[in-house]
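J.: Chain order of the listed sequences is V, H and D.
Throughout, my numbering is defined as the position within the first sequence, counted from one, plus 7.
Throughout, my numbering is defined as the position within the second sequence, counted from one, plus 87.
Throughout, my numbering is defined as the position within the third sequence, counted from one, plus 10.
All clues stand as given, with none of them false.
Simulated crosslink set (DMTMM-like; lysine to aspartate or glutamate; CA at most 25 Å straight-line): (1) V/Lys219 / H/Glu207; (2) V/Lys197 / H/Asp523; (3) V/Lys197 / V/Glu260; (4) V/Lys385 / V/Glu260; (5) V/Lys177 / V/Glu208; (6) V/Lys177 / V/Glu212; (7) V/Lys385 / H/Glu207; (8) D/Lys64 / H/Asp581; (9) V/Lys219 / H/Glu340; (10) V/Lys219 / H/Asp523; (11) V/Lys385 / H/Glu219; (12) V/Lys177 / V/Asp390; (13) V/Lys219 / H/Asp198; (14) D/Lys64 / H/Asp589; (15) V/Lys219 / H/Glu351; (16) V/Lys131 / V/Glu147; (17) V/Lys408 / H/Asp523; (18) V/Lys190 / H/Asp523; (19) V/Lys197 / V/Asp395; (20) V/Lys197 / V/Glu208; (21) V/Lys197 / H/Glu351; (22) V/Lys336 / V/Glu39; (23) H/Lys658 / V/Asp106; (24) V/Lys336 / V/Asp68; (25) V/Lys190 / H/Glu351; (26) V/Lys190 / V/Asp235; (27) V/Lys131 / V/Glu335.
Label-pair distances were calculated between CB atoms; the ranges are: (28) D/Ala172 / H/Leu489: 27 to 37 Å; (29) V/Glu405 / H/Val203: 48 to 58 Å; (30) H/Trp493 / D/Glu189: 37 to 47 Å; (31) V/Glu147 / H/Ala552: 32 to 42 Å; (32) H/Ala261 / D/Gly49: 16 to 26 Å; (33) V/Arg350 / H/Val407: 44 to 54 Å; (34) H/Leu224 / V/Leu174: 26 to 36 Å; (35) V/Ala203 / H/Pro627: 40 to 50 Å; (36) H/Leu667 / V/Val381: 30 to 40 Å; (37) V/Ser201 / H/Leu224: 27 to 37 Å; (38) H/Ala552 / V/Thr198: 43 to 53 Å.
FYI, nobody ran anything at the bench for these hints, they're computed from the structure.
All values derive from a computational prediction rather than experimental measurement.
Glycine included, C-beta positions come from ideal geometry on N, C-alpha and C.
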Amino acid sequence: MITRRDALVLALALNVAALGWPGFAARGEAAEPIRIGELNSYTTFPAFTVPYRNGWQMALDEINAAGGVLGRQIEVVSKDDGGKPADAVTVANELVSRDGAVLLFGTLLSNVGLAVADFAAQRKVPFIAAEPLTDSIVWEKGNAYTFRLRPGTYVQAAMLAEEAARLPAKRWATVAPNYEYGKSAVEAFKTLLSRARPDVEWVGEQWPALNKIDAGATVQALAALQPDAIFNVTFGTDLAKFVREGENRGLFENRVVASMLSGEPDWIDPLGAEAPEGWIVTGYPWYAIETPEHTAFRQAYMQRFQDYPRLGSVVGYTTMKAAAQAIEKAGSTDAEAIVQALRGMSMMSPLGQIEFRSVDQQSTMGTFVGTLTVQEEKPRMVDWRFGDGAAYLPDAAETAKLRASE
Amino acid sequence: MSFVVVQALTGLADAASLFLVAVGLSLVFGVSRIVNFAHGSFYMLGAYAAYSASAAVGGGLLGFVAGAATATAALAGLGLVVEVGLLRRLYAAPELLQLVATFAVVLLVQDLALAVWGPEDLLLPRVPALSEPIIVLGHRLPLYDFVLIALGPLVLAGLWLLLSRTRWGILIRAATEDREMVAALGIDQRWLFTSVFCLGAALAGLGGAIHLPREPANLMMDLGIIAEAFVVVVVGGMGSMAGAYLAAVLIAELRAFGIVLFPEITLVLLFAVMAVILVVRPYGLLGRPDVAGPQPSSFDPHPASAARQGLRLAIVAGLVGLVAVPLFAGGFTLQVMSEIFIFALFAASLQFILGIGGMISFGHAAYFGLGAYGAALAVHHLNASMPLALIAAPLVGGLGALVYGWFCVRLSGVYMAMLTLAFAQITWSVAFQWYDFTGGDNGILGVWPAPWAASPSAFYYLSLAVVTIAIWLLRRISAAPFGFALRAGRDAGDRAEALGVDVRRQRWLAFSVAGAAAATGGGLYAFLKGSVFPDVLAIPMSVDGLVMVLLGGIDRALGPLVGAATFTGLKITISSATDLWRSLLGGIIIAVVLIFPRGILGTVGGQRRGGAK
Amino acid sequence: MSLLVVEGLRKAFGGVRAVDGISFRVEAGESVAIIGSNGAGKTTCFNMLCGQLKPDAGRIMLAGRDIAGLSPHRIWRRGLSRTFQVAATFRSMRVRENVQLALLSHRRRTHGLWRPVVGLPAAEADALLAQVGLAARAEQPVAALPYADRKRLEVAMALANAPRLLLLDEPTAGVAAGERRALMDLISDLVRTRNIGVLFTEHDMDVVFGHGERVIVLHEGRLVAEGPPEAIRADPIVREIYLGTGEQTC
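The task is simple: from the sequences and hints, build the whole structure.
T.: Listed below in structure tokens is the structure:
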């Protein structure tokens, strides 16, 4: 039954809850810094988000040391999104409603990115999705307020398909985690490779559950298909297990593997000396990129953090720079002005000049494709080349069709 | 043919660490009735400990063996700490509260592992002696697979000897079969509970260690294995070691061949098989009915009496207070409070079946999620208006509960809980993989409130109104003959049956009502968040609901509200303030559980009732 | 037509014949005791009569209709009510609410979602409570009742559907010797005034011979003797297999 005391305790709890969020506190005006909201899966995926955080923090300090933007300093309010889309929406809401963020950036998981993108459209706040790979964030489900920096699934698959088309291999098998990213990657790769090489035969598919690969069984199932080559989309612990069992069972002997993201230090470095040699991968050979802009970035990063940069670091750094440049270009913190500024904005990144295409608000940041090898016990990409995103993204007309729903 | 043999051998090898984890879970459950969510954390710590010990010794085969030994010993020690420091203080509390405590341990261990071992996956360097290839029918298999294949039966045999040939083991078996008897024999149960918990933790640690050559130690191992371990325990039969082995092999083989035969539905397959087994053999393959586990006991002497005049006044005053909140609170506060209301309804619906119905659900998120998806799909596919979508939500969730409930209410205790979990996981898998209809992992976007409800204060009033009415209806039903008959079935099922009450049907209808109520909250949740993703159906959501109910007090009318306000409020506040929110939240939950073993309201009240069961 | 006719009732558990072809009758207004040592088949027999166990074979005719194999709640609706060996009451409710629930069930109103129980057949419930002498305790939680009173409460609950036949499983078990007589007298009175048939098991021979108008003796699953108390007391077979070891103590 309900007692007076229960009611009292409840009232207390709700009051504490209400007081916990002094949402009515007015935020100051002119002298205050410009607030930008940032959210990412810091507790759920620390291995990928911590280097990313280092990246944007370094950029932030550079910006503020140079006097900020519009004569004001930038303050980033950074929060953990808990790795869940629903929680991320709460966090985004807090950043916008309570902390007065004029722009949001961040997110790693595709679904978290999509949820925040949708929130951004609803609340009319500019949002730069830093790391999500899903292309629907800029295409099918794209919206006017959402921009994305990192090259998505399609571009990565397209670069691998281009390399794969040069190989003699005809019988291809695929292995990908069973969710949207895996499905999209396989679909894009198959379409593009079949287009380039109509003689290619698809002999089978494996769809291990994300983070739950039964590596031995999967490897044997793949071997039983007797493919000439394998397209791999697994990553993280799934990749480590797949590689180890594949080596144990000789799956990779006399077979080529084309693999998404496996050249990114974020994913491949845990494998150390056991990184699979000879795989064709997309990735980030931070140790070998010697353009002036990248060398400067790498030196600054290593000096500051006593650690080498991951791809996440580049993404974090560039996203922060993009946000600042957009506000500067907009000349105000007005959301519509920032969005206008970002559309078609071109800027310098550690990986060279990039542009946020106005047709889909996707940046033209590219990525690297090369062959994996092991040098001094460490995974390294060799024979790599840089592919500019602009060259691989669908052209404006095709993109407009993809974005038809907008 | 040779492929089938090799695939079967691989499945057998996969079963080893699953068995080690599950058998420990099963033993602990059998003796102390603790549903230990932290068992997966022990497994993860075992892998990390083995990694560090192996590295310290210099790797190689010696390093691996030393690592495994260290992990086993270290986890036995940790088990001791957790049992003596935490769980022992909770045996007298209502069953299931221990579950909340172990959930807090999960949170603590996650931060601990991150702090000690860092964020990156730690791959044990290849141990050449273990990778030695063995040729079987022309296929190459690593030697280590054969080590694992042998290990399962060896551990099973060792445990069997331990339990049948030692006095301690005989006591453990006796306690599994009849706790009262052992208590009556004057045996110190505390020591028995502690030792079996240590054994379970040590087995989990060993399970993590032996998995290390195949998977890097990583921060997702804990939650990765716990659901599967539960499946194994339940399919095998609670408290049955041979059953655990059988089930581990069954499930590992199912996956080994499932990926060949049905590569795209491996997620559903596991839980579908568990559901079928539970429907056909309600107590698992080798289980026995008498080990069905905790029945939530609730001693509310007169819960259904209408609130007295003064209290009604207090409630009305409270509501008026809540109505006034938008006058001074900002948008974010209002949306957080809307979320709290929604979770309060979710928790209240769970409390309805748990407290009054005596049914445990580990899968209540299914109905909350079905409501959320029902509303979102109505908007997305049918262009439904917001009110229509909000009406669709309880219909979809209620229908789901009607279907699932029909099977679930045939079981009781933990078996019922696991069947609800299985159905929730099946629903989750469908939402996760049916890309064309549900959007898969990318969810359904653009489920925003209609313009009239779009402002934070309008949505606040909407959720306050819907939730108040729904909770009031639930209370009303509890106080009506339906609720009494339901409680009668919980208090004394045979007695109720012998008074003409069709207990099973009563429970079934109650389950459906609760499902519809949870789904109502789910519908609101979809509009609050503007989108729906499969994680509204996932295990953590169900656990959150349980934590809220138990935190607030399982038998207090306002318990769900207090639990939801405390848990959601804390989580949002803390996670916004610090990256260490998991340990902070875990620590607070442990403190609350230790200080308020009957829930916050249950204890503050001090209405002491007859001794613990 | 007899109120209860049991014919050739059988039940085996894994080869053990717990009840092995029992036949007997109970007339309306008659009080029949079943006795037998532990394992004689009394409980199994009882559980089949109330539907908790399905018979392997045999008929159970209640007022001319076969109830064998029906579920307990269906059998109750046919007019067979029972009490349990260990008094089973709803411990989370008040005394009156226990009886109210039984009355509501009788009227098929346990699916009512709206009107609170508080006001529903309260007067009738109080009347039943008065008949078992618990009127003063109506407001108390059941958990606060002494055990003997819980037995009384169970009787009140069992009477709520105006049963034709009442099954009492050791009605005085656990009740202090001094209170047994009062309890049994109460039951006898109620039965007489309502013309109910009663079938009860009991260990206390004073109760058996004092209140049973007829006694049925089971042994190893079979009915070995049947008759008025005096005859049973004198029956040599019964004396040998059951009373031979001296008067059964409780």
